[in-house]
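> Following the hints, position chain B against chain A.
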Amino acid sequence: MSVESFLFVLSGGIVLGALYALMASGLAVVWSTLGIFNFSHGAFIALGAYIGWQVSNAEALGLGHVAGLSATLVVMFAAGILFQQIFIRPFERKDNIIAATVITTLAGATILQNAMLLIWGPRAKQIVAIAEGTISIGPVAFSGNDIALIVMVALILGFAGWLLARTRTGRSMRAVAQNRQAAELMGLNVPLLYALAFGLSAAMAGMAGYFVGSIRFINPTFGADPLMKALIVVIFGGIARFTSPIYAALIVGLVESFTIFYLGLYWAPAMLFAMMTVVLTIKPSGLFGHHQRTL
Amino acid sequence: MSEPVLVVSDLTKKFGALTAVDGVSFEVRPGEILGIAGPNGSGKSTLFNAITRVPFAQTSGIVLFKGAQISNLANNEIAKRGIARTFQRESVFGNLSSIDNVLVTIEQTNRASAFAQKIALAEQALDLVGFPATLHNWQAGRLPVYLRKLVMIAGAVALDPAVLLLDEPASGLTVSEIDKMRALITHLNELGMTILLVEHVLSLLMEVSDRLMVLDQGRVIALGDPATVVANPTVIEAYLGTPA
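In order, the protein sequence lines correspond to chains A and B. Last residue of the first sequence? That's 295 in my numbering, and every number before it is there in order. Last residue of the second sequence? That's 244 in my numbering, and every number before it is there in order.
The shape of chain A in the complex, shown without the other chains:
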């Protein structure tokens, strides 16, 4: 393998890792806070991509990337809250909440996918690249779009991390994630915080969808593969800290990228699941894991 090839595969892995980090962190926020797995996260990724396409692309409203990203963020945050109120809230505090929300979030995902099909039709769409051209570092030319994606994902994750660690709302969300009953006794508005956590998660999924939509074709089910990768990342890395899925995502992205290069595209999922199985066998709480749910 030449140095150029190595750097090319490495940069591809980092881009994948960054996108998986954004998807998985959103998924982990809901799992940590509400204690449920959101199977509609993939549909949120697709919905975010469609909203971004609708607002930014010349074939639709043509308002550009700033408007597209802003609209995706706001609409997906609101959509996440609405989704939580309809599909999750009625089952809170029920004994079978985990099983019930597997069904309701899968149902929600199906409804969202069919709604997207009705609104945007079956023809695949793509968001135009966020940045054009290439940037050469030594012998390797990096795509401007890839670098823009990495920088923007880092900014979004940095903001989400700051929100959770340094603000009143974030501290309250972390408290609720760790101990709902104590949080209620301290006067925290738990239903509101659950809704905000779901909104934050959906907004992160939407942003991930926007970025993936700039490198892949968008269709109503295109969130399925990212959801599977986000699931691998969350289980593989654990959710001990907000940063755990981020590190795990980079590992998953790099392993996927090098597996595709050396073994071929179809070996990548097998390799990732094998890696996840080995880690779970040795460390059931995940690579950076920890038994307590936290943010």
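Derived from the structure by calculation, the hints contain no laboratory data. Quick caveat: nothing in here was measured; it's all calculated off a predicted structure. All C-beta atoms, glycine included, are put in the ideal place defined by N, C-alpha and C. Where hints are given, some of them may not hold.
[Said to hold, decoys possible] Simulated pairs of lysine to any residue, SDA-like, Cα-Cα distance not exceeding 20 angstroms:
| # | chain 1 | residue 1 | chain 2 | residue 2 |
| --- | --- | --- | --- | --- |
| 1 | B | K80 | A | M271 |
| 2 | B | K80 | A | V190 |
| 3 | B | K66 | B | T109 |
[As the list claims (entries may be wrong)] Some chain B residues flagged as far from chain A (calculated, every beta-carbon gap over 12 angstroms):
| # | residue |
| --- | --- |
| 4 | T186 |
| 5 | S203 |
| 6 | V208 |
| 7 | I221 |
The following block gives chain B in isolation, referenced to the frame of chain A:
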């Protein structure tokens, strides 16, 4: 005599066919420490749960706080009105630092607006309960049991409550720690907090309580002066059973 700060009237909590709290009624005067005793499963913690609506509300009955009904409010509203509670187990936010545990509570109140003031209030609450200043930044989950209990009580005290419900604060503590807990409860009461104290350590309960209420199978079987209550044959029978 001053008006009662807390009135519990015919409070009942049922779990299917089981009645855990069965028509309990009592009043608590401002500044009083009401001790609550009873055998395991007699409904003491369930009574606290039903008053605070955490984690569940009562099946029937009314709770008045400072003359206003609170039994129909959301649980976080009850806390904000001035009823704070601690749990039997050291229920802290394990991954947050000790100071952040208390700060979370301060941030739910209108006691301060600037962040520096909020931190100062959190430090004040930790100091009040005797939590070591050198451990403010330690993760609460890594503290020993007694210090975790102090963090939990500091969080409750930070709400500036009129009524504090303490659920077995002495459980799992050593003799010297129980002495410190006794002094803390007395100190909080001297600061003006009305306290409802559920406890199995009878010596502690007898020393600090102004009145003692005993529950058995969800019902109040005795209420009054602690010395009289513990001598009550019905109470002795509830704890020890009927002589053969």
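> Any hints from earlier that this structure breaks? Give me their numbers in increasing order, please.
1
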